[in-house]
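Engineer: Respectively, the protein sequence lines represent chains A and B.
The working numbering applies: residue 36 is where the first sequence begins, and numbers increase by one.
The working numbering applies: residue 686 is where the second sequence begins, and numbers increase by one.
Keep in mind that a hint or two might mislead.
To be verified - Straight-line alpha carbon distances no greater than 25 Å define the calculated DMTMM-like cross-link-like pairs of lysine to aspartate or glutamate that follow:
1) B:K745 to A:D40
2) A:K92 to B:E861
3) B:K757 to A:E37
4) B:K779 to A:E43
5) B:K757 to A:E62
6) B:K825 to A:E76
7) B:K824 to A:E43
8) A:K100 to B:E861
9) B:K757 to A:D53
10) A:K39 to B:E861
11) B:K745 to A:E76
12) A:K100 to B:E700
13) B:K825 to A:E104
As the list claims (entries may be wrong) - Beyond 12 Å from chain A on every Cβ pair, some chain B residues (computed):
14) R727
15) Y781
16) K820
17) K824
18) M844
Keep in mind the hints are simulated off the structure, nothing from the lab.
C-beta atoms are modelled at their ideal positions from N, C-alpha and C, and glycine is treated no differently.
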Amino acid sequence: MEEKDFIESGILELYVLDALSLQERSEVESMCSGSALVSAELKRIEASMEVFALEFKIEPSSILKSTIERNLDFNSTVSDSSIIDIKKTFNNEISENGNSFKSLVEKRASYKGSIKSNIPKYALAASIALFLISLIGSYSLWNKLKDSQNKYADLLNKNALNANQVSYFKNQFYRSKKLIDDPDFKKLALIGTKTHLKSLAVVWWNKKTHTVMIDPNGLVATDQNHSYQLWAISNGKPVDAGVFEVKSDLSSLSKLNDISDAQAFAITLEPKGGSKNPTMSEMYVMSAI
Amino acid sequence: MIQKKLVLSEPELIEALRQRKKAGYEALYSMYSAALYGIIFRIVQVEESAEDVLQETFIKIWNSFPSYDPSKGRLFTWIMNIARNMSIDKVRSKEYKNSSKNQDIENNVNEIDIDNNTTYKPEHLGIKELINNLKPEQKKIVDLVYFRGYTHSEVSEEMGIPLGTVKTRLRTGIMELRKFFN
């Protein structure tokens, strides 16, 4: 009865977890030596701790094994192959201690690899060689596959880019064609002024609907701080017809403010966002109607 | 590269370690490194520190092997406790406490809530499912004492329950766990 209480108290678990004071430890040890029941229970607890730890194992990084190895001093007078000798030496001992280790051995049996082998050495060598060859083969195939996959991804990207460009140009083309085909739209060429002879822009203006479209593909790109501003000259006075920017790549046809009446159009370069009145010194292009 | 998993019986392993044979280290590592690392990682919870502790543990096993007495217990019990004690020392070390992301093991017992997922790293999840099968009063104690390395008196003090109750709940909890693996 006393043994049972001792076991039930949970002291053995703490003993196995090394969580007892020295006095408690010796108490457990003396109980164990005097009671088969207690010592059997202690062995069961120890075995289950090992089982838990193996169940909950986490593989450490594979480089740790050699890092640790470098910090250990091995007994070089004993050759490594003598592990087989140890095996022989302890065959007897195992059978003696067999019972006490039985549960452990059984637990391990599932992953225990056989150390002794009857396979002839040359067969082993041949299979290792074959394995290495296949490893090299797989590696090179894997590389080629990776290469192909990269190239394929590149092609897909380029294809998508091309498709985008095609649809962009198609769009632009239909928008321009609509303007050209529409008899109500008047095409006005804005020619470069003296200071900007190379500049050029086209304004499409529909007098009926007052719609104004700008094709800016003859203007130099604007920087971050500036915008172009289109002005409609109506009875000698400039009317703001909208602000636009030009990027270095192709700029698309864009719609600006509606204009009901104009005798001429002009474009000036203004601080970003546009100005109330045109900066005459920065006039790039101009038309006459 | 691919290595054969070297497994020895316990007496063979003990003899190989006693003779400081390289094969002894290799067998010990292949048989127990992952089990020890699991124990260490759950206590230390920081990969880098856990790897340091695993290294220190192997070195200590190697260097103090002459003090291992097979008559007093199983080899695994001895190495498990080296790993646990070194992990606990690490968690309580100044350097570890100084890094703010690490919890202070002495003062934060109450903050660890078994039902709160955020205190669990994914690596802890396998255990969580398992200990969810335990009774609530066993759960916390098994987790803190067995998996996290708290002492039973710390748990008793922080949870405000008698030492004897901590012990018996730990025992019944561990017995429950045992059922899953039999």
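Engineer: Indicate, hint by hint, whether the structure satisfies it.
Structural biologist: Now the hints, each set against the structure:
Note on K745 (chain B) and D40 (chain A): the hinted pairing is violated, with a Cα-Cα distance of about 36 Å set against a maximum of 25 Å. In summary, the hint linking K92 (chain A) to E861 (chain B) is supported, as the alpha carbons are separated by about 19 Å, within the 25 Å threshold. With a C-alpha separation of about 22 Å, the suggested pair K757 (chain B) and E37 (chain A) falls inside the 25 Å cut-off, and the hint holds. Pair hint K779 (chain B) plus E43 (chain A) does not hold up; C-alpha atoms about 38 Å apart against a cutoff of 25 Å.
Restraint check: the Cα-Cα separation between K757 (chain B) and E62 (chain A) comes to about 13 Å, which is no more than 25 Å; the hinted pair holds. The straight-line distance between the Cα atoms of K825 (chain B) and E76 (chain A) is roughly 24 Å, inside the 25 Å bound, and the hint therefore holds. Annotation: proposed proximity of K824 (chain B) to E43 (chain A) holds, straight-line Cα distance about 18 Å (limit 25 Å). Taking the CA atoms of K100 (chain A) and E861 (chain B), the gap is about 34 Å. The hint is violated against a cut of 25 Å.
A C-alpha spacing of about 12 Å is found between K757 (chain B) and D53 (chain A), which places the hinted pair at or below 25 Å, so the restraint holds. For the suggested pair K39 (chain A) and E861 (chain B), the alpha carbons sit about 18 Å apart, so the restraint of at most 25 Å is met. Between K745 (chain B) and E76 (chain A) the alpha-carbon distance is near 28 Å, which puts this suggested pair outside the 25 Å criterion. The straight-line distance between the Cα atoms of K100 (chain A) and E700 (chain B) is roughly 21 Å, inside the 25 Å bound, and the hint therefore holds.
For the hint linking K825 (chain B) to E104 (chain A), the alpha-carbon distance of about 37 Å lies beyond 25 Å, and the restraint is violated. In this structure R727 (chain B) is not separated from chain A by more than 12 Å, as the shortest Cβ-Cβ distance comes to only about 8 Å. Distance check for Y781 (chain B) against chain A: the nearest CB is about 19 Å away, which clears 12 Å, and the non-interface claim stands. Even its closest Cβ contact with chain A, about 15 Å, leaves K820 (chain B) beyond 12 Å, as expected for a residue assigned away from the interface.
Every Cβ of chain A is farther than 12 Å from the Cβ of K824 (chain B); the closest lies at roughly 15 Å, confirming the non-interface assignment. Under the 12 Å C-beta cut-off, the non-interface status given to M844 (chain B) relative to chain A holds; the minimum distance is some 15 Å.
Hints 1, 4, 8, 11, 13, 14 from the list above are not met by this structure, while the remaining hints are.
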